[in-house]
Amino acid sequence: MKIAVLGTGCKNCKKLIENVTEATRQFEVDFEISKVEDLDEILKYDVFLTPALVIDDEVVSTGKVVSVETITEMIKERL
Numbered sequence: 059m060k061i062a063v064l065g066t067g068c069k070n071c072k073k074l075i076e077n078v079t080e081a082t083r084q085f086e087v088d089f090e091i092s093k094v095e096d097l098d099e100i101l102k103y104d105v106f107l108t109p110a111l112v113i114d115d116e117v118v119s120t121g122k123v124v125s126v127e128t129i130t131e132m133i134k135e136r137l
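Residue numbers (the working numbering): 59 to 137.
Everything labelled a hint here was simulated from the structure, so no lab data went into it.
Glycine included, each C-beta is placed from N, C-alpha and C at the ideal position.
Keep in mind that a hint or two might mislead.
[Unchecked claim] Simulated restraints, written as ranges between beta carbons of each label pair:
(1) Glu86 with Leu107: 19 to 27 Å
(2) Phe106 with Glu86: 34 to 42 Å
(3) Thr128 with Glu90: 17 to 25 Å
(4) Asp115 with Thr79: 13 to 21 Å
(5) Leu97 with Lys134: 30 to 38 Å
(6) Asp98 with Lys134: 26 to 34 Å
(7) Lys69 with Asp96: 15 to 23 Å
(8) Glu99 with Thr79: 15 to 23 Å
Using the sequences and the accompanying hints, generate a full structural model.
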């Protein structure tokens, strides 16, 4: 499963990547976690508010820090 956090490195972007890392620890699945900071790459997802969360190329959240619990539920829905 591929998970990407889109953002330019702000405090909220860093917190979201922490939450993603925490949420993925609960699963025995291989995750490819990436941080996308390049503005041109972010715009390819049609994202205008960061941080944004992308799971398997689907933008699932923009403009907020998603909780560990919510990320866990999003992952469960896709497994």
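Right, here's what the structure says about each hint:
| no. | hint | verdict |
| --- | --- | --- |
| 1 | Glu86 with Leu107: 19 to 27 Å | 33 Å, violated |
| 2 | Phe106 with Glu86: 34 to 42 Å | 35 Å, holds |
| 3 | Thr128 with Glu90: 17 to 25 Å | 20 Å, holds |
| 4 | Asp115 with Thr79: 13 to 21 Å | 20 Å, holds |
| 5 | Leu97 with Lys134: 30 to 38 Å | 32 Å, holds |
| 6 | Asp98 with Lys134: 26 to 34 Å | 32 Å, holds |
| 7 | Lys69 with Asp96: 15 to 23 Å | 19 Å, holds |
| 8 | Glu99 with Thr79: 15 to 23 Å | 20 Å, holds |
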